[in-house]
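Number of protein chains: 2
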Amino acid sequence: MALRAKVLYDFHSENPGEISISENELVTLFSEEELEGWLEGENSRGEAGLFPASYVEIIRDHITSNTNNNGFSSPKTKALPPTQTSFTSSDSQSQRGLGAGSGGSGGGSFHTSQGSDDDWDDDWDDSSPATDVPQGLGGTPPLYPVTTSLPARRGSSQQHQQQAKSSATVGRNLNRFSTFVKSGGEAFLLGEASAFVKDGDRICVVMGKHGPEWQEDPYPFTCTIDDPTKQTKFKGMKSYMSYGLTPTHTNVQVNRRYKHFDWLYARLVERFPVISVPHLPEKQATGRFEEDFISKRRKGLIWWMNHMTSHPVLARCDVFQHFLTCGADEKAWKQGKRKAERDELVGANFFLTISTPDVPLDLQEVESKIEGFKTFTKRMDENIVIVNTTINEFARKQMAGFKKEYQKVGQSFKLLGQAFELDQQAYSAGLNKAIAYTGEAYEAIGEYFAEQPRQDLDPISDLLDLYRGHLANFPDIIHVQKGALTKVKDCPKQEGELHDRCNIISCATLAEIQHFHRTRVRDFRSQMQHHLRQQIGFFQKITAKLEDALQRYDDE
Amino acid sequence: MALRAKVLYDFHSENPGEISISENELVTLFSEEELEGWLEGENSRGEAGLFPASYVEIIRDHITSNTNNNGFSSPKTKALPPTQTSFTSSDSQSQRGLGAGSGGSGGGSFHTSQGSDDDWDDDWDDSSPATDVPQGLGGTPPLYPVTTSLPARRGSSQQHQQQAKSSATVGRNLNRFSTFVKSGGEAFLLGEASAFVKDGDRICVVMGKHGPEWQEDPYPFTCTIDDPTKQTKFKGMKSYMSYGLTPTHTNVQVNRRYKHFDWLYARLVERFPVISVPHLPEKQATGRFEEDFISKRRKGLIWWMNHMTSHPVLARCDVFQHFLTCGADEKAWKQGKRKAERDELVGANFFLTISTPDVPLDLQEVESKIEGFKTFTKRMDENIVIVNTTINEFARKQMAGFKKEYQKVGQSFKLLGQAFELDQQAYSAGLNKAIAYTGEAYEAIGEYFAEQPRQDLDPISDLLDLYRGHLANFPDIIHVQKGALTKVKDCPKQEGELHDRCNIISCATLAEIQHFHRTRVRDFRSQMQHHLRQQIGFFQKITAKLEDALQRYDDE
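Chains A and B, in that order, give the protein sequences.
Residue numbers for the first sequence follow my numbering, beginning at 1 and rising by one.
Residue numbers for the second sequence follow my numbering, beginning at 1 and rising by one.
A few of these clues could be false.
Going by beta-carbon spacing under 7 Å, a handful of chain B positions derived as facing chain A [what the hints assert, rightly or not]:
id	residue
1	Ser295
2	Phe376
3	Lys397
4	Ile542
5	Thr543
The set of hints was computed from the structure by calculation and includes no laboratory data.
Each residue gets a CB set at the ideal place from its N, CA and C atoms; glycine is no exception.
So that you can see chain A by itself, here it is in the shape it has in the complex (with noise of 0.2 Å):
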């Protein structure tokens, strides 16, 4: 019997090779084998082609299941459809409202999947369309090719094991979807979290001048990202663009991909509850081809790899190492991959990797410094915005405006000498030449202006956008550090062993601060130097034009 599959949702064609799909439609399947989240096979109405695999589930003798079932047994999954995006972010996401408003680029929305060892290998691909579309609550096709965050995963699992063994005294949230929960940082506090730490895997916060901070990795490297090149596979069908990364430590260029980037994002939101990872650019589905959003996600990338390099804990983890030193081999990159998604030491388990100075913070400072920083990051949050709408906007205006004026009033010299050279004797002639290359002097600063933005204003608008995804971290990021407070707050009786339990993480959490402020104030001066170089360097080449055009003057 040949193997079916019912429709759960409707799918139009989109390009060669997709046919379209209805709701409760039977379709008959070539082959139950996924190709990067699309299945082949043939609709009710003789059409042959690919369609996506979430949006079918396939008709089995006893159980029914979802092609992408992951584990998740709540009645809710099936209502709630698969969500490329952890909880974690998407709550913080909805939280901010980022973006709205603020006629920006967008920057702060980001994606996160996370694909099983199954359709890791094969490779989903970038062409799935608007994987940026909103998700609401139940009847929503699910976003294709996609599989369930681990994150999430691993919180539930987590939820479930510790109410399982709940035995400690201090009680729980009630709320279990509370960032607190879900980070593990409640586990951990309560004292469940148990796993084996080796020394390499160690984080150690040290008191510094300015309070906890990261230890400063002693090997620190960078590393460059070249131009992507164009790939097409799935018979040149499907194509997606490949980035070659060069890490100074081994001076090896590494080939990678979009989803690979985003797989990696995923491990690290997973393993570390109280860093701010940056946020990858946004995913883009259609036009991802074209120049500009090409050299604008490449500069993006750039960001979040200097972020990610400059990072003391993130630069030096295992994933982040094998995503960054695993060559073409495919099993040493599998092996990496499945180690990497077997981590033990994720959210609860961070915790006891991290080492603290020895004299313990004093709670009332920290609850101070934590409450200066949240109104720090919202004043800044609230601010970026501002500064990107204007930017954006005045890039917009030297593009267009701008332009266009110089333009006119070059167009308007040229007819004066044009006029001037209905007279065509000896002396007026210079002054009629003179006259029209101050025209085409002032077209050219017209251009000037044009090309601009692109130099000293797009940097900064890069910037913000990394920071804006930043500013969208640290709510869920406070949160956690303000559940252990409050928990051993409420509980004096466990003083000792919850104490140093909320101590280290505040000891993480201040030091995630202290380096958000180190690297802000590095980014932001190095930045705004950037800019007003670039724009000396562009009011430098005016006045060279129009010193250039002064001499035609003195030819008489």
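With the hints as your guide, set chain B onto chain A.
For chain B alone, kept in the frame of chain A given last:
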């Protein structure tokens, strides 16, 4: 019996001291003596005060005369209100439609008026409102205070004279209102001009490298115009601006009011039929004591003076010298004024003063040159209207849009700095200050943009205004020369004398065209240089400000 007058037009009092009067109302005059074109009296409602003399008709025993009656006996006189613009000028004005759709500062418009000895000393006042109201035919109240322009009067009296002794074999033009006729060009060509020409009045056209040109002024000079001072008179009810003029050849300052310039202008226009007398800057009734207007008029007068003193014929003529050199001695002034107004060498007789090069010009060549110049002026006129519109719009954009954009960027940077200031760690402080300073720098640059047009666009606009005036003059000048050429072609019989006289007109016309081109090349070269130097200075100022801001980031 009290002196009474009948009101010809409604007048609504606009200033203290004035009274309203209605058409057909009878008013009682306190005195027949006009004060600057105003009479003092009492209206039928018993209100006493000033009203325009030209709005009433004094009731006498035998004759009914408009107080401004100037010798016109045509029945038209009553219906056509007195105009302050000469026929010639208003013709050319309407022909060109100058300023229509230009959106510019309307520099093409100008005003001339001419006082008789009687009302001169009464000093009509600058405060006459709305002197540039468009004038319809009939029914429209006259502009006050005002007198009929002398050129028209002379033209028509000459015309009568010509008709009286008409005996030439060459026919007269049928259109007695053509410029060729009114300027005296026809009369001269027909040998009807006669006057005694002193050596000092002789004007030489010499053959230069580029054709006929005015003999250079052996004693060139310039004349400065100081900032005007406000004077009040007439019991403080009327006030006016007085300009201090200091010509370099006497180095003695004389004080002149706008109406003196106006009077001089009228003399020059009637005196020199084929010379382009520079137009005076626009007369403006309201807001004329406002700084902007005063500054604009002064700049216009400076340009006007520049063109007067650099014209070999205009600079040397008696009436201009009288204007420049006559001091506060009222008697001397009145004497020179009377002499100028009785000058016989106006119109047709002007051509008697011209000496030409020995070899007469080739008619064909003259015709082709004139045709070329006609095309030139047409194109130049069209194109400077576009330039003027463009740079005025550009100025507006810089003063509004550009300024706003830079200031918005500055403000957004300041907001960023303010957010950052919430983090008061030592390593943040330098950056915070630098960003705040950068914000201020951008706000300052916004101001620079707003202030700049005054420096480098307004002067071009002023220059274009002046040239639009010249371009408005040339159709009449060309008309005179063409009228002469046509007449010569029509009547080959009288070749000898007619040709000689036509040659004189051609030489004068070409000399004036040559002068126009020379002045134009000189003015536009220097103005474009000025503009570019200003622009360079402007962009250097911006660069310096940005460099200053950049340095603030080195503080760490």
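Hint check: 7 Å Cβ-Cβ cutoff, Phe376(B) to chain A = holds (4 Å)
Taking the closest Cβ pair, is Lys397(B) under 7 Å from chain A?
-> holds (5 Å)
When the nearest CB of chain A is found for Ile542(B), is that gap smaller than 7 Å?
-> holds (5 Å)
Status of the hint placing Ser295(B) at chain A (closest C-beta pair under 7 Å) = violated (23 Å)
With chain A as the partner, please determine if Thr543(B) meets the hint condition of a C-beta pair closer than 7 Å.
-> Check passed: Cβ of Thr543(B) comes within 5 Å of chain A, closer than 7 Å.
Violation of the numbered hints given earlier is confined to hint 1; every other hint is satisfied by the structure.
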